[in-house]
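As given, the protein sequences belong to chains A and B, one line each in that order.
Here the numbering used here is used: the first residue of the first sequence is 1, the next is one more, and so on.
Here the numbering used here is used: the first residue of the second sequence is 142, the next is one more, and so on.
Check the hints yourself; a few may be wrong.
Computed footprint of chain A on chain B, listed as stretches where at least three residues anywhere in the stretch have a Cβ under 8 Å from a Cβ of chain A [unchecked claim]:
(1) 194–207
(2) 239–251
(3) 286–298
Hints in this document: simulated from the structure, not taken from any laboratory.
Just so it is clear, the structure is predicted and the values come from calculations on it, not from any experiment.
Even glycine gets a Cβ: it sits at the ideal position worked out from N, Cα and C.
In case you want the letters, here they are:
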Amino acid sequence: MDAEYTLSDERRATLAVVLDLLIPPDTARGLPGAGEVCVDAIEATLRSKPMFRLTVEPGLDWFGNREPGTGNDALAALQNEMPAFVPTLVFLTYSAYYQQPRVVEALGVEGRPPHPRGYAMEPSDLDALLSKVRARGRMYR
Amino acid sequence: MTDPAPVDVLIIGSGAAGAAFAWSMADTKMNILCLEQGDWVKADDYPGVGMDWEERQFGDFGLSPNQRGRREDYPVNDSESPIHASMFNAVGGSTILYAAHFPRLHPSDFRVRTLDGVADDWPLDYRRLEPYYDINARMMGVSGLAGDPAYPPKELPLPPLPLGVLGERLADGFNRLGWHWWPSDSAIASQDYEGRAGCVNAGTCLVGCPQGAKASTDVTYWPLALRAGVRLQTRCRVREITLRDDGMADGVIYYDADGVERHQRAEVVVLACNGIGTPRLLLNSKSKQFPDGLANRSGLVGKRLMFHPYALVRGIFPEPLEGYKGATGCCIISQEFYETDAARGFVRGYSFEMLRGMGTVFTALSGMGSGHIESGAHHHDSYERLWDRTAGMVAICEDLPEERNCITLDPELKDSDGIPAPKVNYRLSDNSQKMLAHCVERGKEVLAAAGATDFLVEAPLGVAGWHLMGTARMGTDPRTSVVNEWGRCHDVKNLFVIDGSIFVTSGGVNPTNTIQALALYIADTMKQNLANLFD
């Protein structure tokens with residue numbers, strides 16, 4: 001782990017743009033774009049897991065030095081030119097995005113770790129549900 | 142620095158078997174020591190207390206020791222196996238990460254040669270193990286419901302875990318087809334039990350339970366064993382078992398937490414290192430008396446490796462299922478296809494075990510892998526179609542023993558102490574492949590009956606090498622088995638094996654309950670034979 005590692009300002013800016021291509025904001029659902037909430041998290045992952053830099057940094061530099069279009073056209077261009085970059089960044093982005101409290105809350109789950117509160121669940125009427133199974137009798141040999 | 146003082150009983154490994162055995166033997170008041178290569182896991186260390194709990198399944202709490210790469214782990218060369226080895230090295234062993242699904246073997250599982258003409262019968266039967274299953278249920282705190290027609294009558298100390306919306310939906314599918322299902326026997330406390338807090342349905346079981354509701358042995362057997370005087374030393378990795386001139390074991394050589402080599406002498410050595418770790422240690426303990434590995438005059442140490450080939454079948458449903466709530470692997474079980482039916486084209490059978498849904502991160506990554514979730518402008522639409530709308534099952538297929546499936550020592554790969562790593566050679570049998578095909582189709586059928594409209598399938602499930610069995614099998618004939626009917630090595634009479642290595646066949650259920658019942662049975666048998674233990 002390289003505790004001093006940071007992305008340059010240029011790469012951070014490019015990363016935010018690319019992340020919004022992968023997961024754009026959706027105001028109707030109350031969901032932020034990945035560019036708004038994942039840049040720091042992905043930078044932290046690149047800091048702790050240097051092997052991801054090998055594919056992410058060249059991809060960012062390629063994108064930052066060109067104007068590959070917008071939206072899905074830009075994604076397609078990236079996929080064509082930097083085939084290892086997109087799946088790696090998608091993995092990092094999905095992992096980071098779907099643990100953001102704002103995102104989790106927008107999906108209907110409380111924006112907190114599962115422990116210690118957990119989730120309430122109601123008991124089932126097992127007698128009713130199992131009546132057919134009980135009626136079968138012994139199954140074992 | 143001097144070597145430590147000799148002990149009466151030396152246990153290698155503190156997981157499911159080692160913990161149960163240590164607790165049972167404690168009442169002898171003998172000098173008992175357990176060496177564990179891992180360390181204690183504290184409640185705050187578990188991923189479930191953080192938002193990154195799913196991501197950490199790809200890192201320090203991953204299933205594969207190769208993925209984790211911690212100092213406590215040893216690498217496994219499983220490049221020649223479609224099923225990859227999963228285990229955890231810590232106090233509690235792999236019970237730290239297991240799902241805690243806790244079924245027993247069936248009575249028929251001990252008699253497969255007699256009933257179905259395949260493999261071998263065990264040298265003991267269900268009735269012999271039954272009292273130890275009962276003790277283990279109380280010690281581990283098993284939740285479940287009496288009356289399952291797939292089993293002889295049994296009592297469980299705690300009521301079943303809740304089914305939830307997802308579980309009821311799947312139960313309805315089974316009922317529509319008239320297939321067997323039952324609330325799972327789960328080593329997860331459904332309510333406060335013996336100082337452990339009850340399950341809060343957080344759904345993080347596979348990365349450990351900070352609540353202590355899941356019965357990993359660091360919170361069940363070990364506190365009692367330690368209180369009774371057993372000693373447990375962590376971060377101690379055993380390299381080999383040493384022999385006296387008369388061919389009896391005299392202890393082990395291990396590396397302590399500082400990497401210093403030590404020789405721990407003992408009157409009795411007990412291996413509880415799992416179905417990969419135990420043959421690894423035996424094969425690495427070569428001598429003039431045992432040039433092919435210790436206790437290996439039968440040639441069977443490391444052979445007859447059994448995993449359970451798993452199939453993962455998930456359905457996509459039209460409405461939310463609250464699948465992120467509840468114990469991950471413990472919902473309901475179906476044993477409709479457990480017993481042999483020749484019309485199916487294969488022998489023996491399998492269990493279906495229902496899974497909860499996926500968390501937010503796993504939904505995204507799983508959907509990415511299957512092609513159901515896309516990046517770009519339509520990402521949120523595609524994610525919404527999957528989020529909280531998946532439910533499904535794993536099928537646990539009985540794996541019949543074959544000598545070609547084996548553990549050997551890798552000639553090059555070593556752990557951080559320079560000890561040769563194990564190598565897995567494993568192929569799916571024709572019988573297993575037919576069984577997998579059958580369970581995938583039946584899985585889809587029942588999910589469709591429950592309302593699923595699309596399916597996600599992985600068979601065999603590559604990560605599912607968590608049941609490690611058969612590599613030092615028990616039996617009455619020294620020519621065809623490594624240990625006798627109570628775990629004592631035929632070739633070395635003060636050396637015992639108590640983990641999944643001694644299984645004769647695998648059954649079609651999770652093995653931990655049976656591993657522990659066997660460990661308790663072996664401990665009891667040893668206590669009853671202390672006066673002539675080595676005769």
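Here is what the structure says about each hint:
1. 194–207: holds (count 4)
2. 239–251: holds (count 3)
3. 286–298: Contact hint for the segment 286–298 of chain B vs chain A: holds, 6 residues under 8 Å.
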